[in-house]
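Asks: Listed below are the residues making up each chain.
2 protein chains.
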Amino acid sequence: MNPSPVRDSLLAAGTELLAQRGYHGTGLKAVLDQVQVPKGSFYHYFASKEAFTAEIIRHYADWLLTLMDTAIASQSLTPRETIRQLYRQMITEFERHDCAQGCLLGNLAAEIGAASSDCRSALNDAYDRWQLRFSSLVTAGQEQGQFRRDLPADTLSALFWNTWEGGILRMKLERHGDPLRHTLDNLLDCLMSP
Amino acid sequence: MNPSPVRDSLLAAGTELLAQRGYHGTGLKAVLDQVQVPKGSFYHYFASKEAFTAEIIRHYADWLLTLMDTAIASQSLTPRETIRQLYRQMITEFERHDCAQGCLLGNLAAEIGAASSDCRSALNDAYDRWQLRFSSLVTAGQEQGQFRRDLPADTLSALFWNTWEGGILRMKLERHGDPLRHTLDNLLDCLMSP
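If you read the protein sequences in the order shown, they are chains U and G.
So for the first sequence, our numbering puts the first residue at 4; every next one is plus one.
So for the second sequence, our numbering puts the first residue at 4; every next one is plus one.
Do not rely on the hints blindly, as some may be mistaken.
[As the list claims (entries may be wrong)] Within a straight-line C-alpha distance of at most 27 Å, the following computed DSS-like cross-link-like pairs (lysine-lysine) qualify:
id, chain 1, residue 1, chain 2, residue 2
1, U, K32, G, K32
2, G, K42, G, K52
3, U, K52, U, K42
4, G, K42, G, K32
5, U, K42, U, K32
6, G, K42, U, K52
7, G, K52, G, K32
8, U, K32, U, K52
9, G, K52, U, K42
10, U, K42, G, K42
[Said to hold, decoys possible] Derived coverage of chain U by chain G (criterion: at least 3 residues anywhere in the stretch with Cβ under 8 Å from a Cβ of chain G; other residues may be distant):
id, segment
11, 24-33
12, 43-52
13, 82-89
14, 109-121
15, 132-143
Hints are computed from structural coordinates only; laboratory data are not their basis.
Here a beta-carbon is modelled for each residue, glycine too, at the ideal position from N, C-alpha and C.
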């Protein structure tokens with residue numbers, strides 16, 4: 004599918020609405036109203052609301068992974084500080100939305116992760132692509148003595164993802180970024196450290 | 004509010020539907036159809052769908068905390084093994100539903116944790132009551148040399164909660180209980196250990 008301004012606008016509006024209202028709370032009509040296109044245009048680009056959401060997951064993952072790649076490529080910080088800077092940047096982004104929205108991927112995993120096979124497959128693919136990058140940071144950190152070596156890098160990465168996503172849920176309940184900041188520091192400086 | 008069979012049936016049906024379909028995916032009509040009561044009866048017991056959901060959160064938390072209190076009162080295992088047994092029991096429960104539903108409290112935190120103040124308050128209250136019990140187990144485990152002492156029991160409890168809830172999200176994506184079982188063991192035997 005070639006890029007098109009209408010398709011991009013639909014994806015942008017869908018991303019915003021899904022982050023605010025979740026999958027079941029986002030009607031197709033609200034998306035169409037925001038972009039002001041007829042229903043036919045939507046179905047020209049997407050087979051269903053589910054396929055549309057899976058495409059939004061892929062777009063959101065691309066954006067996150069580009070952030071990661073940029074941080075990794077700069078090589079100006081140690082692996083541990085690269086991770087800290089990246090995830091602090093995300094907390095700042097959450098705070099711009101009053102800590103109310105959290106991570107779109109985690110939200111969709113909770114709401115429809117098991118129910119929709121299209122979305123589940125897109126979410127698992129996003130996770131695999133994330134883990135590839137994150138594990139390489141952890142491996143480098145292990146080699147430099149910043150992270151413990153009694154657990155494989157993939158296992159530490161999985162534990163990090165879980166703790167981070169659970170921490171986002173608590174952030175939404177507390178409506179404050181500080182607990183998530185402490186969680187990040189405790190992970191990097193205590194639980195994951197040698 | 005005194006207990007009543009109609010009220011209890013509404014809460015039971017609501018719990019099941021919320022676990023399956025989430026907040027926005029659960030229409031009041033589906034709840035009423037399942038219990039076969041008219042809408043007026045519902046509003047006799049609950050002011051709104053939001054108040055109904057907050058009450059379901061309290062009921063679900065009561066059930067979880069009773070499980071915990073029973074395990075703690077038996078005192079047949081060390082604090083670390085008490086935790087392991089309790090959470091393995093929950094994984095078995097998740098597996099009974101094909102790892103598709105996960106934890107109702109985590110799901111609702113993700114979907115409406117920030118949006119609904121009634122539900123947010125019920126979820127935070129459930130967390131506080133959970134943390135009181137869990138922290139006492141962690142403190143006892145620290146005193147017996149099973150858990151690390153460089154972080155306070157409350158901090159370790161918060162890290163456990165986050166990792167557990169994030170692990171449930173991954174379980175739903177992988178549709179398998181084993182990754183969550185490994186997460187639990189890695190937490191108890193590596194990350195939280197001295």
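Asks: Hint by hint, which ones does this structure get wrong, listed from lowest number up?
Replies: 6, 9, 10, 12, 13 and 15
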